[in-house]
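Q: Each chain, letter by letter, is given below.
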Amino acid sequence: MIQESPAYFKENIRQICKDEILRQIVRKATLLTLSKRSEVVTEYYAEGKDWEALRNQAHEIRKKTIDNLDTYLTELEGNFKKNGIEVKHARDPREACDFIVRILGEHNARLVVKSKSMVTEEIRLNDKLIEAGIEVVETDLGEYIIQLAGETPSHITAPAMHKSRDDIGRLFSEKLGVPFTNDPAELTEYSRRFLREKFLKADAGISGANFLVAETGTVVIVENEGNARLSTTLPKLHIVITGIEKVVPTLEETATLLKLLPVSATGQKATSYVSFINSPARGEKDARPEKIIVILLDNGRREIYRKQGVREALYCIKCGACMNVCPVYQTVSGHAYGSVYPGPIGSILTPFFTTLNESKDLAYGSSLCGACSEICPVKIDIHHMLLWIRSYAVRKKYTPFIERLIFKLWRMSMKNLFIFEFGRSLLKLIAPLLGSQETQLKIPIWSDNKDFPPLAEKSFHQLWKEDEVWKKNS
Amino acid sequence: MEKELLNKFAKELKRVGGEFFLASSQIEIFKIVISILSQNRCKTAVISSHPFFDSFKEMGVGVSDKIIFTIDQLTSNLGVSNYTNLLKEKLCQCDAGISYAEYLIAETGSAVVVNTQSEPSHLSLLSEINIIISNSIRVVKDMFEAVNRLQMENLFSSSGCITFITGPSRTADIEKVLITGVHGPKKLFIIVLEGE
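Residue numbers (my numbering), protein chains in the order written: chain A, 10 to 483; chain B, 53 to 248.
Do not rely on the hints blindly, as some may be mistaken.
[As the list claims (entries may be wrong)] Under the rule of at most 27 Å between Cα atoms (straight-line distance), these lysine-lysine pairs were calculated in the BS3-like manner:
id, chain 1, residue 1, chain 2, residue 2
1, B, K193, A, K58
2, A, K300, B, K140
3, B, K193, A, K45
Simulated from the structure, these hints should not be mistaken for lab results.
Computed from a prediction, not measured in an experiment: that's the story for all the values here.
Hey, can you work out the whole structure from these sequences and the hints?
A: Quick look at the structure:
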C-alpha cells in the first residue's frame with residue numbers, strides 16, 4: 010500500500026521499485042512526452058527562432074513578477090473588481106475550503122463540475138465538498154479516471170499516467186457498468202457521454218488558473234479536452250482557486266509564457282483551447298456564469314517568497330517537464346513522493362505546503378544531475394534548490410543526530426591532519442570487527458544498499474611521503 | 053506576405069487535426085458549409101449572429117433554411133426566465149456550431165474567437181462539429197501579434213471571454229494515445245475568405 014504522505018517516501022520507493030509494469034508504463038509515458046517536446050524545440054530552431062532566448066525572457070518575467078508580487082496582486086485585484094469578478098484571499102487550505110463550501114451553500118449548489126486543478130488537490134477540496142453533502146465530479150479524463158479509482162494524481166499534467174489501458178477499461182466497466190474495452194477511443198467516448206450530462210446539470214464549476222493577468226484582470230486557462238471551457242461556461246457560478254504566484258503583469262508577457270507552457274508540458278505548440286476569462290455574464294441573455302469568484306491561496310507561498318534560497322520555486326508554471334526528465338521520477342513515479350506535487354519541483358514546494366520535517370526526504374530523491382534545471386521553461390535553478398532544502402533540513406536539525414555527529418567529526422578530521430590520521434588508524438583497527446575478512450565495513454542502513462569500499466593499505470598521505478620519484482624530481 | 057502566413061496557418065491547422073478550406077466569396081463559403089454539414093450527416097447547425105454572416109440571409113439562413121439556424125431563431129420562443137439554461141440545451145442538440153474568428157494565428161494554426169452574446173462560446177464547444185469562418189486579412193503571425201491586436205481593438209474589455217482554438221478537442225490521458233474529440237468538438241473545419 011502506497012502511503013499518501015511524503016514521510017513515507019523511502020518506504021513507497023521500495024515498494025514501487027518492485028512493480029515492473031508500473032515502471033514500464035511511466036518510463037514510456039515520460040520518454041514519449043520528452044521526445045515530442047524535443048521535436049517542437051528542434052523545429053523552433055530550424056525556423057530560426059531561439060528557444061533559449063525565450064526561456065531567458067520568461068525567467069526575467071517571472072523574476073520581475075515574484076519580486077514585486079504584492080504590487081501586481083494589488084493591480085490584479087483592482088482590475089478583477091472592475092470587471093465584476095469577486096476576489097477572496099485564503100491563507101491556508103482550511104480557509105479556502107470553508108469559503109468554497111459556504112459560497113456553494115449560499116447558491117444552493119448540489120452538483121459541482123471541476124476542471125483539472127492541482128491547487129484543489131493541495132487543499133483536498135473534494136473531501137471537504139463530499140463531507141458537506143455536495144456531489145463533485147472531475148471532468149478532465151485523467152482526473153475522472155483517478156476519481157473513479159479513488160486515487161490521487163501521479164503527475165501534475167498527466168494525472169493518470171500510472172494507469173494502463175487495461176486498468177482503465179476494468180475501472181470503467183466496474184464503476185460505470187459499461188462493457189469492458191481497453192480501446193482508448195471507446196473509453197474516451199464513454200467519458201464524454203457520462204460527463205456531458207453532469208456538465209448540463211451542474212450548479213457550479215470549479216477550476217484552477219494557469220495565469221492571472223494583472224493589467225486586464227483576466228483568468229487564463231489552458232487545456233485540451235474542452236472540459237475546462239464547459240466547467241467555466243455552463244454552470245451559473247464559476248469559482249477559480251489558484252496560488253498567488255500565478256499573476257503575470259501584462260498580456261504580452263502572458264503570451265511569452267503561453268508559448269513555453271504547452272511545448273514543455275505535452276510537446277504541443279499550442280493546446281486545443283486557451284480561455285481568457287474577463288468577466289461574468291453581461292446581461293440576461295449572456296449564457297456565461299452570472300458570478301465569478303477568484304480565490305487566491307497563500308498556503309506557504311509567502312514563506313517561499315521570504316526564503317531567498319528557494320524564492321525562484323514560485324516562478325514555476327506547472328508544466329511537469331522536470332518530472333518527465335528526472336531519472337528518479339521516471340523510475341519511482343509520482344505516487345512514491347506521497348505529495349501533491351511530485352518530482353523535482355514538488356520536492357522544493359512540498360516542505361512549505363506541508364511541514365519540512367515530514368517532507369525533508371524528498372530533496373534527497375535526486376541525483377542532482379541538473380536535468381530539471383536544463384529543461385525548466387522558466388529556468389528555475391531546481392537542483393541547487395534541492396541542495397538548499399537539504400541544508401535547511403540539517404540547519405533545522407531534522408536529520409538524525411548520529412548523521413549530524415558523523416558529519417561533524419568528518420569536518421573536524423578534514424581540517425586537522427592529526428585527527429584525520431588518528432581516525433584513519435582507528436578505523437583500520439576496528440574495521441575487521443565491523444565487517445568481513447576483506448575489511449569491508451558494514452555500517453547499519455548505509456550498507457543495506459551499497460558496499461563500503463575496502464580500506465587501502467596505505468593512506469594517500471603515506472604514499473605521498475614515500476614516493477621516491479617525487480623525491481628525486483623535487 | 054499574407055499568402056505566406058495563410059499557407060503556414062493551413063499547414064499548422066492540418067497538423068493539429070483541423071481541416072482547411074479557402075473560399076473566394078460568401079457564396080462559396082456557404083457551399084462549403086453545406087457540404088461539410090451533409091458529409092458529416094448534420095441535421096441541424098447553429099450559426100453566430102456576427103455581422104460577417106449577414107449576407108447568409110440572402111441564402112436563406114435565418115429565414116427559410118431548415119438546417120442552419122441563427123441563435124435568434126433558436127431562442128425566439130424562450131422566455132426570459134431560464135433563458136440561458138434552455139439555450140444551452142438547444143445548442144447541445146445541434147449537430148454543428150458555426151462561429152466567426154476575429155483572428156487566425158499562423159504560427160500555431162489557432163483561431164481566436166471573441167465570445168459575445170451573438171457569438172456565445174458554446175457555439176464552438178457543445179456540438180461534435182465546429183466550423184470556424186474568418187477572413188484572410190485577419191491572419192496574424194503569432195500569439196504576440198494576436199494579443200496586441202486584441203488589446204488595440206479593446207476586445208479584452210468588451211468581451212467576457214476570448215478563446216484561442218487550436219484543432220478539435222483532444223486528450224492523451226490513456227497511455228499517451230492521442231484521441232481527438234473529448235468534451236468539445238470532434239472535428240474542426242476552418243474556412244477562410246480570401247482577399248477582401
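Q: Quick check: which numbered hints come out false for this structure?
A: none
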